[in-house]
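K.L.:
Okay, here's what each chain looks like letter by letter:
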Amino acid sequence: MKKFNLPKLLIFVIAFYAAIQILYSTEIMNGYILHIINQSLIYVILAVSLNLINGITGQFSLGHMGFAGVGAYVSGTISTLVFKINPSSPNGMLIFILAIVAGGLAAAVVGFLIGFPSLRLKGDYLAIVTLGFGEIIRTVFNNIDYVGGPRGLLGIPKFSNFTTITIAALITIVVIRNLVESSHGRAMLAVRENELAAELVGVNTTRYKVLAFVIGAFFAGIAGGLFAHLLQMAHPTQFGFIKSVEVLIMIYAGGVGSITGSTIAAFALTFLSEGLRIGIRAIADATGLPIGGEWRMVVYSLLLIFIMLFKTEGLMGTKESKLIRLKEVE
Amino acid sequence: MKRLSLILVLAFVAATLVTAQDIKVGGVGPVTGEAATFGVSTKNGVMLAAEEWNAKGGLFNNRKVRVIFEDDKGDPAEGATVYTKLIQQDNVVAIIGTVMSKVTLAGAPIAQAAGVPMISPTSTNEMVTKVGDYIYRACFIDPFQGTVGANFAFKDLGARKAAALFDIGNDYTKGLAENFRAQFLKLGGQVVAFEGHPFGATDFKAQLTKILAGKPDVLYVSDYYNDVGLIAKQARELGFTGPMVGGDGWDSPDLVKIGGNAVNNGYFTNHYAAADPRPIVQEFVKKYKAKFGAEPDALATLAYDAANIMFDAIKRAGSTKGSAIRDALKTTNLNVVSGQVTFDANRNPIKAAVIIEMKDGKQVFKTTVNP
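For the record, the sequence lines run as chains B and X.
Under my numbering, the first residue of the first sequence carries the number 1, and numbering increases by one thereafter.
Under my numbering, the first residue of the second sequence carries the number 1, and numbering increases by one thereafter.
Any given hint could be a false lead.
[Claimed, not checked] Quick list of in silico lysine-lysine cross-link-like pairs, DSSO-like style, CA-CA up to 30 Å: (1) Lys233/X x Lys359/X; (2) Lys158/B x Lys330/X; (3) Lys84/B x Lys130/X; (4) Lys158/B x Lys321/X; (5) Lys366/X x Lys186/X; (6) Lys174/X x Lys84/B.
[As the list claims (entries may be wrong)] Across the chosen pairs, the derived CB separations fall in these ranges: (7) Ser88/B x Asp344/X: 27 to 33 Å; (8) Gln112/X x Tyr17/B: 24 to 30 Å; (9) Ala290/X x Ile305/B: 36 to 42 Å; (10) Ile305/B x Phe292/X: 28 to 34 Å; (11) Gly293/X x Ile305/B: 30 to 36 Å; (12) Ser88/B x Gly293/X: 51 to 57 Å.
Honestly, the hints are just simulated from the structure, not real lab data.
Values in this document were obtained by computation on a predicted structure and should not be read as measured data.
Each residue gets a CB set at the ideal place from its N, CA and C atoms; glycine is no exception.
Please take these sequences and the hints and turn them into a complete structure.
P.N.:
See the structure below:
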């Protein structure tokens, strides 16, 4: 028997939330660290939702940031251009939440539309189609004057904060974990392990692949909306192929199929990238060596190579922490 | 994770070890990524300026400037992180950056909210300085070049009938052409044709035939160098011998490769010319070449200017308070490499543009034109 362990996860998240809030309000931790934590949490949403598509259902999507872009632009349009809200306007928070959800739903619809024709494809072919899709989304935003065209959608109110982002990340983890634990999730795992066998035992494989895309896209859209309301802008280049690859790296470094792994990797890689910025400068200052910030990405890439060499299955493999328990599937 | 926290701890220690006397100023540019050459030039320009100020004894009260230069990768999200880091972690008193408008627009609201003055060397998007009263820029914005081009065509070339050709799908070229037309009409000239061509066109003969039917004295072409080369060739083939004028989109060695002799008798507005005889320009070019082994491009120059404008403001403020530096920036009146600079009410610089002539396939410094 599996025990429902939401309370444990909740306690952990509340403790994490309280600790960060205390550290921040006592000025032990500055706004920079908080900004990195916020970014990490958004990457948690992106990585966990992509993990549902790539890790759990065994598909290969390279267009995840395209979905995030839909969420960012739709929610940004609603909050900035339609309702023109700002953090002090009445009902601002409510409209913001509705805008974020609308962004997620729009991304889900796009995920569904893209899902149907392309899910008859497998492996590399699917990857290419999703890649193309992501670029199409980006180009579309580039050409709509109403949302700023190549200049980007500017002046988005800053509604995303540590509280809203933490809640969204928690909801994402709980929903996707519960989905994986359900019979639907089992069917998705079956599709990953052997699509033909799954079909033979009566799993509607196309349906589950589309479902994975729709739910994955929904949460990517949420993350995109939160990102736009954190940066106070949305720009077409933020949702390109390279950005999708960054999220992909997170799920591979964390362990394909592991929600815990994706979460840890999202935090670790975001902090690593910033830590190197500071670390390399400290080394340069201490030794007088002429190394600048540009070496950061070299070290970052080397570390990634080492992770993949020595831990091929990623940090967590397919294992989950006790907080997010998941049945092992062989 | 242990190692990561060790790195972070080390960094904090290093950050506190900095002598308290130094004035910390942030620098931001895309040192890596798709626009890496822009970032490197920008970093060089800022660092050179800081070195010179420190050699002269610092900004004020013998306090030297210490530039903390960060990489934004040309990515808005990275830009927001870097601005937050510089302001919250390093406690910089001002920021010089960044290059690309989309990244500057992500950083500017953060600087504005924190009350940290910043100056972007090269972000031309009009929205940048509209973010708030702490945000300045060192380059003129796009439309300004059209105005200067019109002044030059009317006064220096003596043209009375002008025609303009531009890319209809590009804000930059369209903005330049519209401002050229407005200024040319204001001066009392006549605009005989104002034609847009579609993005990616290679055959401009239909538009050119229409334009040349009006017998213009001058042709204003605000496109980028690749289109300009083709347009020049086709205009000459159709018998147009008059001068052509354009904007800084012309500034590429490829212009002559594509256009050949056809681009001769062409003039374009630019931020600065290495051949400008003003002593401040020649001194800068010499120093830059000696230190970095290359002629400074417009990005290095504007970064150098932006840094000097900011350092000058800090010196005049005699304080590291954000509001004091902001107020000093407002009253800037400084001779920098790209001209004598003051700021207008929207914190955009008012300064001269240089005109470069295409002569025998080479760029030759022609003159400076005041706004």
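K.L.:
All hints are to be evaluated individually against the structure, with a verdict given for each.
P.N.:
We went through each hint and held it up to the structure:
1. Simply put, lysine 233/X and lysine 359/X have alpha-carbon atoms about 15 Å apart, close enough for the 30 Å limit, and the pair holds.
2. Of the pairs offered as hints, the one joining lysine 158/B and lysine 330/X holds, with about 28 Å between alpha carbons and a cut-off of 30 Å not exceeded.
3. For the hint linking lysine 84/B to lysine 130/X, the alpha-carbon distance of about 17 Å falls within 30 Å, and the restraint holds.
4. Between lysine 158/B and lysine 321/X the CA atoms are separated by roughly 26 Å; this keeps the pair inside 30 Å, and the hint holds.
5. At roughly 24 Å between alpha-carbon atoms, lysine 366/X and lysine 186/X fall within 30 Å of each other, so this suggested pair holds.
6. At roughly 29 Å between alpha-carbon atoms, lysine 174/X and lysine 84/B fall within 30 Å of each other, so this suggested pair holds.
7. Taking 27 to 33 Å as the suggested C-beta distance range, the pair serine 88/B and aspartate 344/X conforms, at roughly 30 Å.
8. Distance hint check for glutamine 112/X and tyrosine 17/B: the Cβ-Cβ separation is about 28 Å, which falls inside the suggested range of 24 to 30 Å.
9. The hinted window of 36 to 42 Å between alanine 290/X and isoleucine 305/B holds, with their beta carbons roughly 39 Å apart.
10. Against the hinted window of 28 to 34 Å, the Cβ-Cβ separation of isoleucine 305/B and phenylalanine 292/X comes to about 32 Å, which satisfies the hint.
11. Checked against the hint of 30 to 36 Å, the C-beta distance between glycine 293/X and isoleucine 305/B comes to roughly 33 Å, which is consistent with it.
12. Checked against the given bound of 51 to 57 Å, the beta carbons of serine 88/B and glycine 293/X, roughly 53 Å apart, stay inside it.
The structure agrees with every numbered hint stated previously.
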